[in-house]
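Please take these sequences and the hints and turn them into a complete structure.
Residue numbers (this note's numbering): 134 to 390.
No lab work stands behind these hints, which were simulated from the structure alone.
Every value quoted in this text rests on a predicted model; they were computed, and no experiment measured them.
C-beta atoms are modelled at their ideal positions from N, C-alpha and C, and glycine is treated no differently.
Check each hint, because a few of them may be wrong.
As the list claims (entries may be wrong) - Keeping only pairs whose Cα atoms sit at most 16 angstroms apart, straight-line, the calculated EDC-like set for lysine to aspartate or glutamate is:
#, residue 1, residue 2
1, K167, D142
2, K136, E197
3, K312, D254
4, K153, D142
5, K250, D174
6, K264, D230
7, K167, E144
8, K361, E314
9, K373, D230
10, K266, D295
11, K361, E313
12, K250, E313
13, K279, D296
14, K250, E314
15, K264, D296
What the hints assert, rightly or not - Beta-carbon label-pair distances, calculated as ranges:
#, residue 1, residue 2, range
16, Y376, R277, 31 to 39 angstroms
17, I292, K373, 15 to 23 angstroms
18, L385, A289, 28 to 36 angstroms
19, D142, R350, 46 to 54 angstroms
20, G179, F326, 17 to 25 angstroms
21, A384, P207, 27 to 35 angstroms
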Amino acid sequence: MAKHMITVDTERCIGCGLCKADCAARNIEIRAQKAVILTPDCVLCGHCAAICPRGAVSISGYGEAPISRDGGRPLDPSQVLDVIRFRRTIRQFQAQDIPGGVLEQILEAGRLTHTAKNLQDLSFIVLDREKAKFEQMAAALFRRVKPLANLFSPMAKRIQIDDHFFFFHAPKVIVIAAKEEINGCLAAQNMEFVAEAHGLGVLFSGFFTMAANRSGRLRKALGIPRGKRVAATLVLGYPKVNYRRSAQREALDVTYL
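This is the structure we're talking about:
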């Protein structure tokens with residue numbers, strides 16, 4: 134990966150101090166009415182480059198330039214709440230593939246996700262042609278432990294682990310791996326929003342995530358990078374069913390102090 138470096142164009146810098154005030158690493162000072170980067174030791178969050186009114190601060194080493202924002206409110210709050218309110222886990226999918234452009238936008242939502250300490254530690258494994266192979270590997274693992282689970286859970290007794298137990302015939306599955314689990318979970322949520330916007334249904338397969346993290350053989354087959362764990366597994370496809378009512382939830386539990 135290319136080395137990243139923050140630089141300041143002193144001719145464009147007006148010393149307004151916005152970058153200093155917004156620097157999480159306290160790595161910027163204003164000297165002689167110009168911004169100065171103190172050390173290379175930085176989380177590279179990019180706040181300084183994003184907030185500078187003159188574009189004087191930049192970060193090198195990335196394969197893309199920052200995109201300027203034209204202002205305005207990008208989201209309607211009530212529409213966002215409705216997406217959350219009517220969201221359902223989908224287990225019945227149409228026999229319809231997901232266009233490549235749609236899949237690319239879902240993955241882009243994951244790539245753009247903010248990460249703790251700006252680690253940008255996310256890896257994505259798309260299961261497509263070999264999806265059945267990985268599902269069967271996970272199923273074999275669960276079949277071995279099911280007799281024990283049956284002793285403790287009445288629900289486990291009612292469940293049959295067939296070759297489609299994890300993915301329910303969905304056309305695509307995205308396995309999200311990260312060094313920090315929270316980063317993978319944040320990415321999964323952003324990706325689900327984009328999937329929903331394209332009319333897709335989503336299942337978070339906690340069982341497959343569990344299998345991938347418990348089985349060294351499955352981890353190796355998936356190519357999970359060293360030092361990372363599977364944080365979430367998104368099962369994606371066009372829903373075969375239409376839910377007509379929202380999910381009921383408990384009353385808000387909040388304390389204001």
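Do the hints match the structure? See the list:
Taking the CA atoms of K167 and D142, the gap is near 9 angstroms; set against the 16 angstroms cutoff, the hint holds. Restraint check for K136 and E197: the C-alpha separation of about 14 angstroms stays at or below 16 angstroms, so the hint holds. At most 16 angstroms may separate the alpha-carbon atoms for a hinted pair to count; K312 and D254 meet this at roughly 6 angstroms. Between K153 and D142, the direct Cα distance comes to roughly 15 angstroms. Compliance with the 16 angstroms bound is thereby established for this hinted pair.
Note on K250 and D174: the hinted pairing holds, with a Cα-Cα distance of about 13 angstroms set against a maximum of 16 angstroms. A C-alpha spacing of about 13 angstroms is found between K264 and D230, which places the hinted pair at or below 16 angstroms, so the restraint holds. A distance of roughly 9 angstroms separates the Cα atoms of K167 and E144; the hinted pair therefore holds under the 16 angstroms criterion. A C-alpha spacing of about 9 angstroms is found between K361 and E314, which places the hinted pair at or below 16 angstroms, so the restraint holds.
For the proposed pair K373 and D230, the alpha carbon gap of about 13 angstroms is at most 16 angstroms, so the pair holds. Only pairs whose Cα atoms come within 16 angstroms are accepted, and K266 paired with D295 is accepted, the gap being roughly 13 angstroms. The suggested pairing of K361 with E313 holds, with an alpha-carbon distance near 8 angstroms, which does not exceed 16 angstroms. A distance of roughly 10 angstroms separates the Cα atoms of K250 and E313; the hinted pair therefore holds under the 16 angstroms criterion.
For a cut-off of 16 angstroms, the pair hint linking K279 to D296 stands: about 14 angstroms separates their Cα positions. At roughly 13 angstroms between alpha-carbon atoms, K250 and E314 fall within 16 angstroms of each other, so this suggested pair holds. At most 16 angstroms may separate the alpha-carbon atoms for a hinted pair to count; K264 and D296 meet this at roughly 11 angstroms. Under the hint 31 to 39 angstroms, the C-beta atoms of Y376 and R277, about 35 angstroms apart, fit the expected range.
In this structure the hint that I292 and K373 lie 15 to 23 angstroms apart at CB holds, the actual value being about 21 angstroms. At roughly 33 angstroms, the beta-carbon separation of L385 and A289 lies within the given 28 to 36 angstroms, and the hint holds. The supplied range of 46 to 54 angstroms is met by D142 and R350, whose beta-carbon atoms lie about 52 angstroms from each other. A hinted range of 17 to 25 angstroms for the beta carbons of G179 and F326 is consistent with their spacing of about 22 angstroms.
Roughly 31 angstroms separates the CB atoms of A384 and P207, a value that falls within the hinted 27 to 35 angstroms.
Consistency with the previously given hints is maintained throughout, with no hint failing.
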